[in-house]
Amino acid sequence: MPLVGDRLSNVLKAERERLGLTQGALAEAIGVSRKTINTIENGIFVPSTLLALKLARTLDRPVEELFQIEE
Amino acid sequence: MTVIDVAERKSRARATTFYFFAAMSLLTLWVSMAMPGSDLLRGIWTGLSFAAVINLLPLARWLKPNSPVARLLDDDGVREHRRMSCTAGFWASIISAFAVAITVEEAAPIDAFDAVRVVATAAISAALISFATLELRAARG
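Chains as they are written, first to last, in the numbering used here: chain A, 1 to 71; chain B, 1 to 141.
Incorrect hints may have been included.
Label pairs and their in silico Cβ distance ranges [as the list claims (entries may be wrong)]: (1) B:I94 x A:G20: 27 to 37 Å; (2) A:D6 x B:A13: 49 to 59 Å; (3) A:P62 x B:R9: 29 to 39 Å; (4) A:N42 x B:R9: 43 to 53 Å; (5) B:R140 x A:A14: 14 to 24 Å; (6) B:F113 x A:D6: 40 to 50 Å.
Just so you know, the hints here were simulated from the structure itself, not pulled from any lab data. What you are looking at is a predicted structure, and each value in this text was computed from that prediction instead of being measured. Note that the Cβ used here is the ideal one computed from N, Cα and C, for glycine as well.
Isolated chain A, as found in the complex (with noise of 0.2 Å):
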């Protein structure tokens, strides 16, 4: 279970490249601002559950491998 500091990582860039998808491509199929998605990736911004979903949908792979609670 998550505690308080717990720190949320990603590899939400790493996919996004994988794609071959720029920032702004992404946040256009999901429906968030390019910002949104620049505050994600550099782990400045922990997305809804609604958005993580989205995300994964969108980048095909599982939320759980798109998104680790930092040990």
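Fit chain B to the known structure of chain A by using the hints.
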């Protein structure tokens, strides 16, 4: 130009406008307190503050719920920034309220309306500056 580009441009313009509103709100407060009794300056401050508070609301999304650009201007990231900036505004209002209380106790009495204006200006300016900074920082990189 894609809808993402349009939203990004409007978002930057909004952040710049927020810095302007914050600066003008602080400036009109300072000038009107230096020149007490000026109804014109008090009126300008009231108008600016009202406009600033209205701009902090997700108006575009409320007025144009089906517009893709309006939706992007109030997406998950922006809503998070709005929450964080409102928190900053809350703490600024608490700190300024204590500062006003100390000033009234230790230095000189302040007109009740001026005290309200100091607290409101601190809250609004902190929220605006915080929101604009978070938005511009998120757009970088």
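For each hint, the structure was consulted:
At about 49 Å, the beta-carbon gap between B:I94 and A:G20 misses the expected band of 27 to 37 Å. Range check, A:D6 to B:A13: Cβ separation about 37 Å, and the 49 to 59 Å hint is violated. In this structure, A:P62 and B:R9 meet the distance hint of 29 to 39 Å, their C-beta atoms being roughly 35 Å apart. The supplied range of 43 to 53 Å is broken by A:N42 and B:R9, whose beta-carbon atoms lie about 21 Å from each other.
Between B:R140 and A:A14 the CB atoms are about 21 Å apart, so this pair conforms to the stated range of 14 to 24 Å. Separated by about 47 Å at the C-beta atoms, B:F113 and A:D6 satisfy the suggested range of 40 to 50 Å.
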